[in-house]
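Enquirer: These are the residues of each chain, in order.
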Amino acid sequence: MSIYITGYGVISSIGNNVDELFTSLKAKKTGIRQGEKAFTTRYKVGEIAFSDAELHDHFQLKTEGSRTALLGMIAAKEAFVGHELRSDIRTGLISGTSVGGMDVSEREYANYLNNTTHNLQAYGHHSSGTSSAQIAQELGVTDFVNTISTACSSAANAIMMGARMIQKGWLDRVIVGGTDSLTSFTISGFRSLMIFDEEWCRPFDETRKGLNLGEGAGFIVLESAKSMEKTGKQPIGRLSGWSNASDAYHQTASSPDGEGAILSMQQALDVAQLSPESIDYVNAHGTATPNNDLSESKAFLHIFKGKVPPFSSTKAFTGHTLAASGGIEAVISLLSIQHGMLFPNLNHTQVIAETGLQPVTEVISNVKVNHVLSNSFGFGGNNSTIIISAV
Amino acid sequence: MYYIHTIASITHQDSFQQANVWNTLTPLTPESTLITPDYKLFIPPAALRRLSPILRMAIAAAKSCQENNEDKIDAISIGTALGCLTDTEKFLVTFHSAQSDTLSPTAFIQSTHNTIGGQISLDLKNHSYNMTHTQNGLSFEVALMDAILCADDGKKAVLVGAADEAIGFLKQLQPDIIQDNRELTSGTTCCILSRERKASSIGIVDCLVRAETSDWQTDISDFLDRNETKIADIDAVFVSQLEDVKYVDHAVCYIDYTGLYYSASAFAVHMAYDKLTHTNAKTALIINRVCGNQLGAILLQKDEAPH
Numbered sequence: 001m002s003i004y005i006t007g008y009g010v011i012s013s014i015g016n017n018v019d020e021l022f023t024s025l026k027a028k029k030t031g032i033r034q035g036e037k038a039f040t041t042r043y044k045v046g047e048i049a050f051s052d053a054e055l056h057d058h059f060q061l062k063t064e065g066s067r068t069a070l071l072g073m074i075a076a077k078e079a080f081v082g083h084e085l086r087s088d089i090r091t092g093l094i095s096g097t098s099v100g101g102m103d104v105s106e107r108e109y110a111n112y113l114n115n116t117t118h119n120l121q122a123y124g125h126h127s128s129g130t131s132s133a134q135i136a137q138e139l140g141v142t143d144f145v146n147t148i149s150t151a152c153s154s155a156a157n158a159i160m161m162g163a164r165m166i167q168k169g170w171l172d173r174v175i176v177g178g179t180d181s182l183t184s185f186t187i188s189g190f191r192s193l194m195i196f197d198e199e200w201c202r203p204f205d206e207t208r209k210g211l212n213l214g215e216g217a218g219f220i221v222l223e224s225a226k227s228m229e230k231t232g233k234q235p236i237g238r239l240s241g242w243s244n245a246s247d248a249y250h251q252t253a254s255s256p257d258g259e260g261a262i263l264s265m266q267q268a269l270d271v272a273q274l275s276p277e278s279i280d281y282v283n284a285h286g287t288a289t290p291n292n293d294l295s296e297s298k299a300f301l302h303i304f305k306g307k308v309p310p311f312s313s314t315k316a317f318t319g320h321t322l323a324a325s326g327g328i329e330a331v332i333s334l335l336s337i338q339h340g341m342l343f344p345n346l347n348h349t350q351v352i353a354e355t356g357l358q359p360v361t362e363v364i365s366n367v368k369v370n371h372v373l374s375n376s377f378g379f380g381g382n383n384s385t386i387i388i389s390a391v
Numbered sequence: 001m002y003y004i005h006t007i008a009s010i011t012h013q014d015s016f017q018q019a020n021v022w023n024t025l026t027p028l029t030p031e032s033t034l035i036t037p038d039y040k041l042f043i044p045p046a047a048l049r050r051l052s053p054i055l056r057m058a059i060a061a062a063k064s065c066q067e068n069n070e071d072k073i074d075a076i077s078i079g080t081a082l083g084c085l086t087d088t089e090k091f092l093v094t095f096h097s098a099q100s101d102t103l104s105p106t107a108f109i110q111s112t113h114n115t116i117g118g119q120i121s122l123d124l125k126n127h128s129y130n131m132t133h134t135q136n137g138l139s140f141e142v143a144l145m146d147a148i149l150c151a152d153d154g155k156k157a158v159l160v161g162a163a164d165e166a167i168g169f170l171k172q173l174q175p176d177i178i179q180d181n182r183e184l185t186s187g188t189t190c191c192i193l194s195r196e197r198k199a200s201s202i203g204i205v206d207c208l209v210r211a212e213t214s215d216w217q218t219d220i221s222d223f224l225d226r227n228e229t230k231i232a233d234i235d236a237v238f239v240s241q242l243e244d245v246k247y248v249d250h251a252v253c254y255i256d257y258t259g260l261y262y263s264a265s266a267f268a269v270h271m272a273y274d275k276l277t278h279t280n281a282k283t284a285l286i287i288n289r290v291c292g293n294q295l296g297a298i299l300l301q302k303d304e305a306p307h
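As you go down the protein sequences, you meet chains A and B in turn. Residue numbers for the first sequence follow the numbering used here, beginning at 1 and rising by one. Residue numbers for the second sequence follow the numbering used here, beginning at 1 and rising by one.
Extracted from the complex, chain B is given alone in its bound form (with noise of 0.2 Å):
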């Protein structure tokens, strides 16, 4: 078990630092806008000018797992589809519509995927293992896999997190290439794990990742058997499809509440979080299936109090 210890999110929901996102969430709406806080209080004013919004949501949500966690973070492991995609376009106009030989760098280096963890690094002054991966629809889950292998190395404060943002861009590029008319958003979810219980008794079990599923319910049962459980034994399952929903009938889908990013599924955590901590529900299952024929599932549970 990878006891979750603290987590933070900067979603269209109310979530940044809520005691429980659980009980405020309120379907997208198309007036719904990224929540943000005051990025001030995390990020010095001269470094805030020149971060885009997917640098900001992900400094802050990582600063604020490390200040609600004692021990010092001692490895960051992020996921994001498509990484910064702000500054990627603004290098782009910059580089085809230069006239003169004098380029402004600071697009082109804020363009890199890893520009989020190096950044939180930074920030943090942290020297710690230091990775991004990028897999589409699983780029959070395959975060969490090295997040997973940190803590069996026995790192005590792993910081796992995905962030994606939506440029104006992307539109252009539903239904055909982004294969889902779900309304494009932004978020970040960042939380910190490790194998010691602590405070927290709510963590991850398991994590599935699929690159080609051709039957996904089998390979969720199969997981599932493989955890001991059954589908009909998890409390809370969330899934990323409408139309998954009635997999189970209690099944809560959401990307409804996140909008659609392909590291949504990071958010569901958070949720899934929430929900253990705040009612009787003691496992949690979410199931994504955001991008084509990529599975990925993450399996939540609640130790019983010990005595």
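Isolated chain A (complex conformation) (with noise of 0.2 Å):
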């Protein structure tokens, strides 16, 4: 049964919606500068310049939330808009988050810690799972609500986990995706293992240092054909393969032939009943960090044997946004597919020793772009890989 795409959304530092980031894309221009928040302001981080009344006031929402569930608002808004709800289609939501409403919670819990005035309340919007009920209540779906919690490959996980129920013919039509906002959690987290650049980041360069963090938000609108009937929405791609394998190597290290990665590539490739020769373009992981990219690039070498496509990272552009990045990127896919156009991977000037992998590093155009690989791997060897075919 094939699975449909028809609608996505995003928001991110470079780009408010689809058509900013597109833009921004193709202007080779970086959200990535220097933190304003306190919690950011020591590191190159992908912010979204908002605040959280603002994004609420700005994007007129009706439902209150952490800034993740905003953000997550902002997009799955975006993804559905020409859709409209109706009883005859069983519609869900499936959102990837890893900090959910920790945004909240750790302000209020430096408030507990100063014996200042502690607000409860606020810890309603804690739980990850909250952050998707909160975006299903603005879209108004009440079918089906589910949240991936699966640290940076949470959106590709959704992704897939939508498709699977469309096939076992328990949703007609999914929302899904990821978000994730900055949090001061996070930042304190990724600098506890000291894997940030303190400059702009560098994917698969020789001199890659570590990643830039970013938030947003990305979804798309996955339908059946029986859906796309009653609806008469036009899709504008597939979904045509997926894939989750376990790396079984570290809790937070790839390991270094990237096994776990090589196992959701292949299975992605079957699953889409297509030969690595078929891929026109792969939007890797690509954190920058040392780790990941080699083991990827080594992955990417096992499974094209030695003949990789043209691949990218875009998380030059946006920064790591962590749960989102999977849903961010699958958006960025679907714009390849549908413009003919490849996006660069900003900031490479030599290419890594060991692999001599060339990314592409100029936006190139008129490409027939059919299938499109998209890597999202996460702590705890957690390695997803979705294809997005055209129609």
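In short, the hints are calculated from the structure, not lab data. Hints may be right or wrong, so weigh each one.
Said to hold, decoys possible - Think about it this way: if two alpha-carbon atoms lie no more than 30 Å apart in a straight line, the pair counts; the simulated DSSO-like pairs of lysine-lysine are:
id, chain 1, residue 1, chain 2, residue 2
1, A, K168, B, K198
2, B, K63, B, K125
3, B, K156, B, K63
4, B, K72, A, K168
5, B, K63, B, K90
6, A, K368, A, K305
7, B, K230, A, K168
8, A, K168, A, K28
9, A, K307, A, K368
10, A, K77, A, K168
11, B, K246, B, K171
12, A, K26, A, K168
13, B, K90, B, K125
14, B, K171, B, K90
15, A, K62, A, K233
16, B, K72, A, K37
17, A, K209, B, K90
18, A, K226, A, K368
19, A, K307, A, K28
20, B, K125, A, K305
21, B, K282, A, K168
22, B, K156, A, K168
23, B, K246, B, K230
24, A, K62, A, K230
Using the supplied hints, reconstruct the complex from the two chains, each of which is provided in its own coordinate frame.
Expert: As structure tokens, then:
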């Protein structure tokens, strides 16, 4: 059964919607800059300029929620524009998040530690499931709501869960993707792991030192053919392949040979019934940490038998948006197919000596893009691959 | 039908690796504590020291399931409502009170929800599908739906489980945020299921997840209708809410035995499994309304002996 994509929405540091994201990608304009919040000021981050209150007003949101939930509402609503809820189409929402409402909780917990006024109501936003419930409430979705929390592969996993639920016949249409806001918790966490680059991150570059974090949300709408007959929606792409596999190597690091990455890419190709040669573009996980990019490069060499298709990491545009990255990158993959374009891996000057793999570094137009493979790898060795194809 | 081949729970009951928990269930008292096995039998001492209670119990339960199952686990689906709260709180305290730039990463690394599934995959050296679901009171049910999809895909040994841990801080959130005054507890249940019957004749027939219900009794009736049965024909009913006991006269409130954690319906599956194994009961229904307007339901059945 084919799984069609009939909507997309995004917010990140390179734009408040799909058009703005596309404009930034074409202009090679990064959203990463010196942070402006108390906890980001020391780092280069892909921060969204709006405050929580500004997000709420500017995007005319009806529902209260954590910053993570607000970003999710904005992207999910854009994805759902032109769609309507109806009783004969079972519609679900599956969102990936790693922090949920931690942005609210961490502020309140600081008050608690400082013995100042402790507003317990704030923790009502904390749970990751609640952030998805808030997004669902904004959209009016009540049939099925679920949250996947597998760190940086969350959105990719939410996308594949949605596809499998449609195949099973449990849902006709599902809004899938992910959202994460920047929090002091995550900034401190990645600081403790010492994997920040204080300069602009350089994915797949020999001199890469680490990542820049970002925030945002990306969602797509998946529909069955039967559902599209009722809605009259035209597909902008198909979700043709997906897989998740465990690296089972280390809680945070990737295995040196990318075993989990090889498994997830191979199984996704199997689901799509595609050979590696049919992949026209790879949107890599490419966080710019020394460990990830080497491991992922080796996995590419293995899967594509040395003939690696054009690939890039777009994280030097958006920063690593953690649980949202697979959703944002699914939107970028769809733009690549729709416009026949490949988007560059910014800040790249020198190939990784050990693998010699050269990513795409300029905007490339007028290419036929039929199949895009997109990777998302998370803590816990959680490796996911989705394949998006032209209709 | 999705047959349950082995099941393991660590709860406030003496439930771990017991042949029949149904016979020994006792309602919680204020003195009840989590009854834990000797973790050293499951986790190397060096690793054990840095693992929080939720990780210890989930790893032990998962390992016990693998040890009792001939086929290697080929998919893992874990549900947790609030995840690794001990490490989350520890890291909140660490970075809020840090005086220097150097922070210990352990609590951060172990704070993400998928540390549970990730540690299980690491410990079992298991490369299979590994998913973590979290949806408040329905966290186990959504993980179970994923497990059903895995079994339909032909997986032969799907590990599905739930784990949640209580920390002292949570008590402050009762009753305003956690709108339930029952004792907050910890617990985990893992089981292995597949479509193949094997030795066990007991399995899960169907699972219902409603993000919001306005009339839960009608939703339950519809759920039973689609499974061609009715409430009067169900031999054992397990409910999360004490007031729901009056819905059918032989219902048991499972939270009386687990205490309150949002994924406790997983232990209700264990209770139902043992009841179906050791009594004449042939069908069981779990009705989960532990959180707000969410509704979950799980229907279990024992096959007739084959002739």
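Enquirer: Work down the list of hints and note, for each, if the structure agrees.
Expert: How the hints compare with the structure:
1. Taken as a hint, the A:K168 and B:K198 pair is honoured in the structure, with Cα atoms around 24 Å apart against an allowance of 30 Å.
2. Under the criterion of a C-alpha separation no larger than 30 Å, the hint pairing B:K63 with B:K125 is consistent with the structure, at around 11 Å.
3. Of the pairs offered as hints, the one joining B:K156 and B:K63 holds, with about 17 Å between alpha carbons and a cut-off of 30 Å not exceeded.
4. Between B:K72 and A:K168 the CA atoms are separated by roughly 25 Å; this keeps the pair inside 30 Å, and the hint holds.
5. Taken as a hint, the B:K63 and B:K90 pair is honoured in the structure, with Cα atoms around 26 Å apart against an allowance of 30 Å.
6. In summary, the hint linking A:K368 to A:K305 is supported, as the alpha carbons are separated by about 22 Å, within the 30 Å threshold.
7. The straight-line distance between the Cα atoms of B:K230 and A:K168 is roughly 25 Å, inside the 30 Å bound, and the hint therefore holds.
8. Between A:K168 and A:K28, the direct Cα distance comes to roughly 41 Å. Violation of the 30 Å bound is thereby established for this hinted pair.
9. Taken as a hint, the A:K307 and A:K368 pair is honoured in the structure, with Cα atoms around 18 Å apart against an allowance of 30 Å.
10. With a C-alpha separation of about 25 Å, the suggested pair A:K77 and A:K168 falls inside the 30 Å cut-off, and the hint holds.
11. Taking the CA atoms of B:K246 and B:K171, the gap is about 28 Å. The hint holds against a cut of 30 Å.
12. Restraint check for A:K26 and A:K168: the C-alpha separation of about 38 Å exceeds 30 Å, so the hint is violated.
13. Taking the CA atoms of B:K90 and B:K125, the gap is near 28 Å; set against the 30 Å cutoff, the hint holds.
14. The hinted pair formed by B:K171 and B:K90 meets the criterion: a straight-line CA distance of about 17 Å does not exceed 30 Å.
15. In summary, the hint linking A:K62 to A:K233 is supported, as the alpha carbons are separated by about 26 Å, within the 30 Å threshold.
16. Proposed proximity of B:K72 and A:K37 is contradicted: the alpha carbons are some 48 Å apart, above 30 Å.
17. At roughly 28 Å between alpha-carbon atoms, A:K209 and B:K90 fall within 30 Å of each other, so this suggested pair holds.
18. For the hint linking A:K226 to A:K368, the alpha-carbon distance of about 28 Å falls within 30 Å, and the restraint holds.
19. In summary, the hint linking A:K307 to A:K28 is supported, as the alpha carbons are separated by about 26 Å, within the 30 Å threshold.
20. Only pairs whose Cα atoms come within 30 Å are accepted, and B:K125 paired with A:K305 is accepted, the gap being roughly 26 Å.
21. Restraint check for B:K282 and A:K168: satisfied, since their Cα atoms lie roughly 27 Å apart, inside the 30 Å limit.
22. With a C-alpha separation of about 18 Å, the suggested pairing of B:K156 with A:K168 holds against the 30 Å cut-off.
23. Distance hint between B:K246 and B:K230 is fulfilled; the C-alpha atoms sit about 16 Å from each other, no more than 30 Å.
24. Between A:K62 and A:K230 the CA atoms are separated by roughly 28 Å; this keeps the pair inside 30 Å, and the hint holds.
In summary, the numbered hints that this structure violates are 8, 12 and 16.
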